[in-house]
Amino acid sequence: MFEYAPAPESRSVVDLKPSYGLFIDGKFVDPADGSSFKSINPASEEVLAEVAEGGAQDVDRAVRAARKAYEKVWGPMPGRDRAKYLFRIARIIQERSRELAVLESLDNGKPIRESRDVDLPLVAAHFFYYAGWADKLEYAGFGRRPTSQQSGTSPQPLGVAAQVIPWNFPLLMLAWKIAPALAAGNTVVLKPAETTPLTALLFAEICQQADLPAGVVNIVTGAGETGRALIEHDGVDKVAFTGSTDVGRAIARAVAGSRKKLTLELGGKAANIVFDDAPVDQAVEGIVNGIFFNQGHVCCAGSRLLIQESVAEQVLESLKRRMAQLRLGDPLDKNTDIGAINSAAQLSRIRELTEAGAAEGAQQWSPPCELPDRGFWFAPTIFTGVTQAHRIAREEIFGPVLSVLTFRTPAEAVEKANNTPYGLSAGIWTEKGSRILWMADRLRAGVVWANTFNKFDPTSPFGGYKESGYGREGGRHGLEAYLNV
Amino acid sequence: MTATATSARSDLSELGRSETALRTFLHGLPGVDQVGAEQRAAQLGTRSIKTTAKAEAIDLAIRMVDLTTLEGADTPGKVRALAAKALRPDPADPSCPHVGAVCVYPAMVPYVAEVLRGSAVHLASVATSFPSGQAPLEIKLADTRAAVEAGADEIDMVINRGAFLAGRYSEVYDEIVATKHACGDAHLKVILETGELATYDNVRRASWLAMLAGGDFIKTSTGKVPVAATLPVTLVMLEAVRDFRAATGRQVGVKPAGGIKTTKDAIKYLVMVNETVGPDWLHPDWFRFGASSLLNDLLMQRTKLTTGVYAGPDYFTLD
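Residue numbers (this note's numbering), protein chains in the order written: chain U, 1 to 485; chain C, 1001 to 1319.
Keep in mind the hints are simulated off the structure, nothing from the lab.
Source: prediction; values computed, not measured.
All C-beta atoms in this analysis are idealised placements derived from N, C-alpha and C, irrespective of residue type, glycine included.
Some hints could be false.
[As the list claims (entries may be wrong)] The calculated lysine-lysine pairs, modelled on DSBU-like cross-linking and capped at a C-alpha distance of 35 angstroms, are: (1) Lys68(U) to Lys17(U); (2) Lys320(U) to Lys334(U); (3) Lys1304(C) to Lys1261(C); (4) Lys1264(C) to Lys320(U); (5) Lys455(U) to Lys38(U); (6) Lys1261(C) to Lys455(U); (7) Lys136(U) to Lys261(U); (8) Lys1050(C) to Lys1261(C); (9) Lys416(U) to Lys466(U); (10) Lys1261(C) to Lys1224(C); (11) Lys1261(C) to Lys334(U); (12) Lys17(U) to Lys1050(C); (13) Lys72(U) to Lys17(U); (14) Lys84(U) to Lys68(U); (15) Lys1304(C) to Lys1050(C); (16) Lys334(U) to Lys1264(C); (17) Lys455(U) to Lys261(U); (18) Lys17(U) to Lys334(U); (19) Lys455(U) to Lys466(U); (20) Lys261(U) to Lys38(U); (21) Lys455(U) to Lys1050(C); (22) Lys1304(C) to Lys334(U); (23) Lys334(U) to Lys1050(C); (24) Lys455(U) to Lys136(U); (25) Lys27(U) to Lys136(U); (26) Lys320(U) to Lys1050(C); (27) Lys1264(C) to Lys455(U); (28) Lys261(U) to Lys466(U); (29) Lys455(U) to Lys320(U); (30) Lys1264(C) to Lys1078(C).
[What the hints assert, rightly or not] Below, a sample of chain U positions facing chain C; criterion: calculated Cβ distance under 7 angstroms: (31) Met1; (32) Pro279; (33) Asp281.
[Claimed, not checked] So, partial list: chain C residues that the calculated Cβ filter (under 10 angstroms) puts toward chain U: (34) Val1035; (35) Thr1046; (36) Arg1047; (37) Ser1048; (38) Lys1050; (39) Thr1051; (40) Thr1052.
Full structure from sequences and hints, please.
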């Protein structure tokens, strides 16, 4: 046997303060009513830091600061100068990427391999990419506006953006939100998720380090009520939300009839479709990456595996063999593949749905897998014998749980893949190029991956069909959500 | 399940009898997606092997080295020195294991045999008009028999890449069968020369072809063309031996050769073996490194782990 010795990434690179205030108008300030909450490490349940809980008064302060910065500094600033700040932020993120990756793994529970090799490179790439757009907005395809002396012919920003992000990719979702908003000339008030606020607060320090003008970026930490106060605030021109479909619906209702522009990136129940001529070994990697990447806490996760019935047995055998190699444990160990579930609440949701899956008659399987005593953990799991009628085939589990279904023909694969209220992503595995194109035309999903899965790039737009939301983030398309066009 | 496996086994042994059957089988193997295979190999390369795991890996890697010299300038003196090093890689440390084998040209086999006699180090010889394989079959077989008679117990043959790329699979198959026969009791390693096969689909097909024809090992490269062993090529070959054992019950070894120079590289290969085919292959009987300069780097890292300091290159023998 070849046992890998522990290879923990050092925590000492992160300098955590015992408590954090709200980042408003360029400074860390105490919340008006002094309340706070604790952010814990989901792998050990140890308290990492105490974080201020923003109330309505704090949100108001933040929005006012953002408004002032928008009107006096950031809005009138030429795009090439905004670009300088964004490039500077991108470079500082790269320089401090180890620190950010370790903190992300501590606060979120994701393996350091992923925060180091996926999250952080993408975060920096998003800032670099949108920095490049800041002085080229008139070429983004949304037209020019009549020349004015002050700001040329570029399309105009919207104003103050209220942004609420989830806990699954805390810093990456921050980058997806803040980079295009700032490039287009908006200022932002961002609320990170209550279980993962720490990298956003470190990002606030990076804004200070980059000398970003006060008020351009404001970070107000807190839970649902803080988010509601932010979204409902009168001074906000734009709302961007990534999270669950239920909350997304409530937000859409809240902003209906107002001037606020809205983009929503919500849940998913993506089909990962494997044909009989697929490159099997790579398809198995893609299935594993599709559902076990980031413990399955991925809105575009390939959580429904559709296998052509004629190769189902063979693919499942390979998949099980591969799953037995997954290493679950300390997120800071460089050899860990599967980290901790982000919170007790999410763990109980995963348990509830898997229990429903077993109760409804699907067969549950996990490789032998020892779970640590403390913290929130769930073994990588597949369900076979799943039908379209099962809850685990319809509801988003948002955990390391895969539902396996079979199909006979390409048309049946399309029908089953589309038979969901969601439509965020899909995957196709086949060696036949013409079939990939035929399928991609018919799949009602915002992203269709062919012979790969969970691939992200700042140049590529991302977003949903149906109840997975509307608007696109990333690429040239991602600018539209932050421009008055 | 057992019944299917048994019938699959007998079916596979029939394949070599017909060009059509062989072609249909080889072209019916699942494809390899290049991007995905390279991504998986790169991901395995990020494993962090430290402390005790590193020490174990280094000793295992030393035992897996086929210490190789394949130069026109090889002389009896040169190969004797190499064989002596194979037996005792680190003269300063008797706990250091010996390597897996010494690998030389057939003409050099007698000199190496003298040194290795009575030891557990194997004697491998390239044969079959290495490295191009572009000679008449009779000459290749004579080459093989000569090497075995001179004392080689492992033969590294090259496949006929020209025939393979032209789609004449039976010809390649028959040559391997004939060479295996000429080997007698000697183990046969079949060199695919993956750098010339170019695609991973070809690597998978050539791997199966070599195994079906009776090869005991499949080996990536001669080391004589610009592209030698790579991690993704080795991954595809490991998947092939894994699937072949599942289908036939026979285990075949894998030998990446050429371009593996550092301990870090060697450990990446061992991680790949561990996570692709498992511990059954983590043994010099089933996995080898064809290398020359790798050994000194392994020794240097080994000394660093045992003493805590790096010794200079002058402390390791050059042969």
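The hints, checked one at a time:
1. Lys68(U) to Lys17(U): This hinted pair holds, its Cα atoms lying about 29 angstroms apart.
2. Lys320(U) to Lys334(U): With Cα atoms ~23 angstroms apart, Lys320(U) and Lys334(U) stay inside 35 angstroms; holds.
3. Lys1304(C) to Lys1261(C): holds, 17 angstroms
4. Lys1264(C) to Lys320(U): holds, 29 angstroms
5. Lys455(U) to Lys38(U): holds, 33 angstroms
6. Lys1261(C) to Lys455(U): Judged against 35 angstroms, a Cα distance of about 32 angstroms means the pair holds.
7. Lys136(U) to Lys261(U): The hint holds at about 22 angstroms.
8. Lys1050(C) to Lys1261(C): Holds - the C-alpha atoms of Lys1261(C) and Lys1050(C) are around 19 angstroms apart, at most 35 angstroms.
9. Lys416(U) to Lys466(U): holds, 15 angstroms
10. Lys1261(C) to Lys1224(C): Cα-Cα ~15 angstroms, so holds.
11. Lys1261(C) to Lys334(U): Given pair Lys1261(C), Lys334(U) holds - Cα atoms ~24 angstroms apart, limit 35 angstroms.
12. Lys17(U) to Lys1050(C): OK: Lys17(U) and Lys1050(C) at ~31 angstroms, within 35 angstroms.
13. Lys72(U) to Lys17(U): holds, 32 angstroms
14. Lys84(U) to Lys68(U): holds, 21 angstroms
15. Lys1304(C) to Lys1050(C): holds, 13 angstroms
16. Lys334(U) to Lys1264(C): Holds, because 16 angstroms separates the two Cα atoms, which is no more than 35 angstroms.
17. Lys455(U) to Lys261(U): Between Lys455(U) and Lys261(U) the Cα gap is close to 28 angstroms, so the pair holds against 35 angstroms.
18. Lys17(U) to Lys334(U): holds, 25 angstroms
19. Lys455(U) to Lys466(U): holds, 21 angstroms
20. Lys261(U) to Lys38(U): Holds, at roughly 33 angstroms.
21. Lys455(U) to Lys1050(C): holds, 30 angstroms
22. Lys1304(C) to Lys334(U): Distance ~22 angstroms between Lys1304(C) and Lys334(U) Cα, so the pair holds.
23. Lys334(U) to Lys1050(C): holds, 11 angstroms
24. Lys455(U) to Lys136(U): holds, 26 angstroms
25. Lys27(U) to Lys136(U): holds, 31 angstroms
26. Lys320(U) to Lys1050(C): holds, 28 angstroms
27. Lys1264(C) to Lys455(U): Within the cut-off at roughly 28 angstroms; holds.
28. Lys261(U) to Lys466(U): The hint holds at about 18 angstroms.
29. Lys455(U) to Lys320(U): With a Cα-Cα distance of about 23 angstroms, the restraint between Lys455(U) and Lys320(U) holds, given a limit of 35 angstroms.
30. Lys1264(C) to Lys1078(C): Holds, at roughly 28 angstroms.
31. Met1: holds, 5 angstroms
32. Pro279: Where the cut-off is 7 angstroms and the nearest Cβ of chain C is about 4 angstroms from Pro279(U), the hint holds.
33. Asp281: holds, 5 angstroms
34. Val1035: Holds - the Cβ of Val1035(C) comes within 10 angstroms of chain U, reaching about 7 angstroms at its closest.
35. Thr1046: Check passed: Cβ of Thr1046(C) comes within 6 angstroms of chain U, closer than 10 angstroms.
36. Arg1047: holds, 5 angstroms
37. Ser1048: Constraint on Ser1048(C) satisfied, holds at 4 angstroms.
38. Lys1050: Result: holds, 5 angstroms to nearest chain U Cβ.
39. Thr1051: holds, 5 angstroms
40. Thr1052: At about 5 angstroms, which falls below the 10 angstroms cut-off, the nearest Cβ of chain U leaves the hint on Thr1052(C) intact, so it holds.
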